[in-house]
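Asks: Listed below, chain by chain, are the residues.
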Amino acid sequence: MDRILEVNNLTKSFDQGKNYALKDVSFHIDRGHICAVVGESGSGKTTLIRLISGLENPDYGEIILNNNTVSSLKKVVQPEKRNIGMVFQEYALFPHLSVMDNVLYGLNKSKNKKERALEVIQLVGLADFEKRYPHELSGGQQQRVALARALAPNPSLLILDEPFSNLDAMMRHQLRNEVFNIIKKTGVTAIFVTHDTQDALAVADEILILQNGQLVQKDEASKLYNKPQSIYVASLFGNTVQLNKGLKKAFRCPLKEDCCHAIRNENITINASDCEYVTEAIILKRTFLGTHSQLLLKLENGENLTVVTNEAVLGDTLKIGFNSKDVLQFDE
Amino acid sequence: MKQVGSNKESFSLKNRLQRGIRDLNKWTVFTVLILLFIAVPVITIFFKLFDGPGESWEHITNYLLIDYLKNSLYLSFLCTLITLFSGVFSAWIVTRFEFPLRTYLEWLLIIPLAIPGYIMAYAYAGFFDYGGIFSWLLSPLGIENLKLDMMNVVGLSFVLGISLFPYVYVSARAFFLTQALNLLEASRLLGVSETKSFFKLVFPLARPAIVAGLVLVLMEVLNDYGAAEYYGVNTFTTGIFRSWFSLEEPETAIYLSALLLSIVFVLIILEKYQRRKMQYTTPKSGKTSIDHRIKLSYPKQIVLCVLVSLPVILGFVIPVIQLVQWAVRTFNEVFNKDLLWLSLQSFGIAFVAACFTVLFALLLLYFSKWNKIYSVQSASKLGVLGYAIPGAVVAIGVMVPTLSLDKSFIEWGWASKFIINGTLIALVYAYVVRFLAVAYQPLESSSLKVNSSIPDSSKILGMGNFKTFFKIEFPLLKAGMLSAFILVFIDILKELPLTLILKPYHINTLAVNAYGYASDEMVMHASIPSLFIILTALIPVIVLNKLLLKNG
Chain X
2 MDRILEVNNL TKSFDQGKNY ALKDVSFHID RGHICAVVGE SGSGKTTLIR LISGLENPDY
62 GEIILNNNTV SSLKKVVQPE KRNIGMVFQE YALFPHLSVM DNVLYGLNKS KNKKERALEV
122 IQLVGLADFE KRYPHELSGG QQQRVALARA LAPNPSLLIL DEPFSNLDAM MRHQLRNEVF
182 NIIKKTGVTA IFVTHDTQDA LAVADEILIL QNGQLVQKDE ASKLYNKPQS IYVASLFGNT
242 VQLNKGLKKA FRCPLKEDCC HAIRNENITI NASDCEYVTE AIILKRTFLG THSQLLLKLE
302 NGENLTVVTN EAVLGDTLKI GFNSKDVLQF DE
Chain D
511 MKQVGSNKES FSLKNRLQRG IRDLNKWTVF TVLILLFIAV PVITIFFKLF DGPGESWEHI
571 TNYLLIDYLK NSLYLSFLCT LITLFSGVFS AWIVTRFEFP LRTYLEWLLI IPLAIPGYIM
631 AYAYAGFFDY GGIFSWLLSP LGIENLKLDM MNVVGLSFVL GISLFPYVYV SARAFFLTQA
691 LNLLEASRLL GVSETKSFFK LVFPLARPAI VAGLVLVLME VLNDYGAAEY YGVNTFTTGI
751 FRSWFSLEEP ETAIYLSALL LSIVFVLIIL EKYQRRKMQY TTPKSGKTSI DHRIKLSYPK
811 QIVLCVLVSL PVILGFVIPV IQLVQWAVRT FNEVFNKDLL WLSLQSFGIA FVAACFTVLF
871 ALLLLYFSKW NKIYSVQSAS KLGVLGYAIP GAVVAIGVMV PTLSLDKSFI EWGWASKFII
931 NGTLIALVYA YVVRFLAVAY QPLESSSLKV NSSIPDSSKI LGMGNFKTFF KIEFPLLKAG
991 MLSAFILVFI DILKELPLTL ILKPYHINTL AVNAYGYASD EMVMHASIPS LFIILTALIP
1051 VIVLNKLLLK NG
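Which chain is which? The protein sequence lines are X and D, in order. Residue numbers 2 to 333, in my numbering, belong to the letters of the first sequence in order. Residue numbers 511 to 1062, in my numbering, belong to the letters of the second sequence in order.
Chain X on its own, in the form it takes in the complex (with noise of 0.2 Å):
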């Protein structure tokens, strides 16, 4: 498979090297995929991108966009020319512009920019909208046309940042079906921001993890989930509880010292003792939370360990355990 974008040691900081937004940036991504980058905020996801697109210069190292260097110590070539089509946080619709001028905006150079710009517009559903107004429409629909925008001069590579973060909950997943879908019908080459690891687990080939400006992790979502190379990464996917010293011995787990170890909340079970490790627990406080609830328990040695749990506990003491294969264990 060719490769659309190849990204070598990028670097970039805003502070002339005293903090960096982004560092040593390494990865590449094949044609046809969707990829995710995922982190927290102040992760260095947005400059990632920005670089990528060419709005801003890299400090260090390389971007290759279908196999010619954009962006180098030598040289960067402007947004305008790298034809990349981007969706905007804030989608950035041009607010005196109708539906169809603004998908007709990168059209300029095409033969039958009308065909393609209808063709764009039907594509995200918003047919009978053209004639409106960016102000006229709702969230959702606003989103639709930023997408059928960058999608119109058929760009090599499309860029989404945080796309369903201004969208409430409801709208969120129905959309991002939506969204995905289109992008998939192209065939268009995809990468997306966000801070939700739902959205990235649910729709991206491969997800791409940042911590602290820094590449931690790049791989399939399946193996992401189930081989973190982190904590970190671990805790980004879910609860995670730490196995620290205090905690193995409280369940006689003959597990390494000098690893790091971790559990899924989820992989902790509650009232069992088929488990390969299980210890007594006393419950020292309980917090409703509608489907499920928390726990806060001492366990037999005087550790504390906080579980969230969807099963009925009844009494002031119960046995939790969990097994070996469910253990994940890092490096560091």
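In case anyone wonders, no lab produced these hints; they're calculated from the structure. As the structure is a computational prediction, the values presented were derived from the model and not from experiment. All C-beta atoms in this analysis are idealised placements derived from N, C-alpha and C, irrespective of residue type, glycine included. A hint or two may mislead.
As the list claims (entries may be wrong) - Only some residues are given here: those of chain X computed to face chain D with a beta carbon under 10 Å:
| no. | residue |
| --- | --- |
| 1 | Arg51 |
| 2 | Gln79 |
| 3 | Val88 |
| 4 | Phe95 |
| 5 | Ser99 |
| 6 | Asp206 |
| 7 | Tyr226 |
Said to hold, decoys possible - Cβ pair distances, simulated, as ranges:
| no. | chain 1 | residue 1 | chain 2 | residue 2 | range |
| --- | --- | --- | --- | --- | --- |
| 8 | X | Asp197 | D | Asn525 | 48 to 58 Å |
| 9 | X | Asp197 | D | Ser888 | 33 to 43 Å |
| 10 | X | Pro96 | D | Lys524 | 40 to 50 Å |
Starting from the known structure of chain X, fit chain D onto it as the hints suggest.
Replies: Same frame as chain X, now just chain D:
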């Protein structure tokens, strides 16, 4: 991930240089060129200092300089008192209390800004003179022929203070409206009384905003020429005029200008310093409790109404009544074809110069955005410092280089007479330097309101900087450009010292005309051109304030 160890390397000198060369584009060059173009007057004054002062410099330092300093300090001190007192308290009263006519007074308090200091000075000199309106008002009380002598520092401070206090009022009110009321509620819930809360909490918190307004006042005070000259008070600006015109010693004028400039820069640095030390901004919450203004008993409400009306009466009503009285008496003499022709010239010059100023502000704003070198981007902010430089200093700084440029042109045989100095070119150039900031600020704030991802997405969709500007930013900036244009237009119409020094011989403006009558002992005749200026300045004061209220 494999670490290449590029991080230390990436900020090595070699890489920095390479990046500098990569990021240097034509916009960087243009930005620097515009900045130099704006800086020429200041640079000129700086280099001319090395030529040494003129013959009278010693006389001035021995006898006059201490006078200039003393007067400027005294003037600044009294104006600070007057503007603080009338600006802050009126702002607090209109935001905190409910009383009759409050909504009208809220914007009427801005209106004194429409009257330039020198016109205020003419009007008050007449008002308190023998047989003036003041003594006429007192005559029923048996007090005859009373004269209040205005021709001194105290009188000058009064007229300047009363015409400039709206700067403090506007910035204090903006702070009170957006920030103070939430804090005040919290303070009162903690059991602190209203008055105590004001002095312990609101006033200290509002200090940066109030000082920012005050610095504008002081800059205008240092800039004033017409009022100080008419009242016979020696200040730096009148000194510059005297050395330039009476003593004909440009070197001395340059030395005085440099001194005045240093005072202004100290002011700017102090203002920046106090702002940095007190970054008191509380997060904006959507609703303030403006709707819950305090309603005192009716007699007390009347007292508040009178208190707040006072600055309006002193700063607008009285001078306008005086001017109108004079205008009626001199109408047949002054109101003729010449005056209309004069107004036309005045408006024409202001129009052309305002267009150029807005254009240069736009160019500076966008060229520096399009340039990719951050240090040049931040340096572009220096371009707006022209507003801090007193008009007389800008004029001297423009006069000197244009004069030598013209002389060289004639020497080289490129021209047979002066083509820059003493023509509209030099005048318009000086206006651009002085008023660039006035245009830059509204443009910058309205361009900040356009989400930066909008022009970004235009570029990603294949449009260059210029196409993006004309297709996307220009239509969205129209309102900002209009208000920038109006503000500059009015400032140029009112401008006196710079115009006096640089205007072409055969051309006159309304301000120069009014000044001319006043210095020829015909101050009554100055009333009609003065009223023309005030009327024109009034329109945007009202319109802009309506806009402010809508947005605020």
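Asks: Determine for every hint whether it applies to the structure shown.
Replies: Comparing the hints with the structure gives:
1. Arg51: holds, 8 Å
2. Gln79: holds, 7 Å
3. Val88: X/Val88 check passes; min Cβ-Cβ to chain D is 9 Å, inside 10 Å.
4. Phe95: Interface hint status for X/Phe95: holds (6 Å vs cutoff 10 Å).
5. Ser99: violated, 13 Å
6. Asp206: At about 20 Å, which exceeds the 10 Å cut-off, the nearest Cβ of chain D leaves the hint on X/Asp206 violated.
7. Tyr226: Violated. Min distance 19 Å.
8. X/Asp197 - D/Asn525: 48 to 58 Å: violated, 36 Å
9. X/Asp197 - D/Ser888: 33 to 43 Å: holds, 36 Å
10. X/Pro96 - D/Lys524: 40 to 50 Å: Holds: the Cβ-Cβ distance is about 45 Å, inside 40 to 50 Å.
Consistency note: the structure conflicts with the earlier hints numbered 5, 6, 7 and 8.
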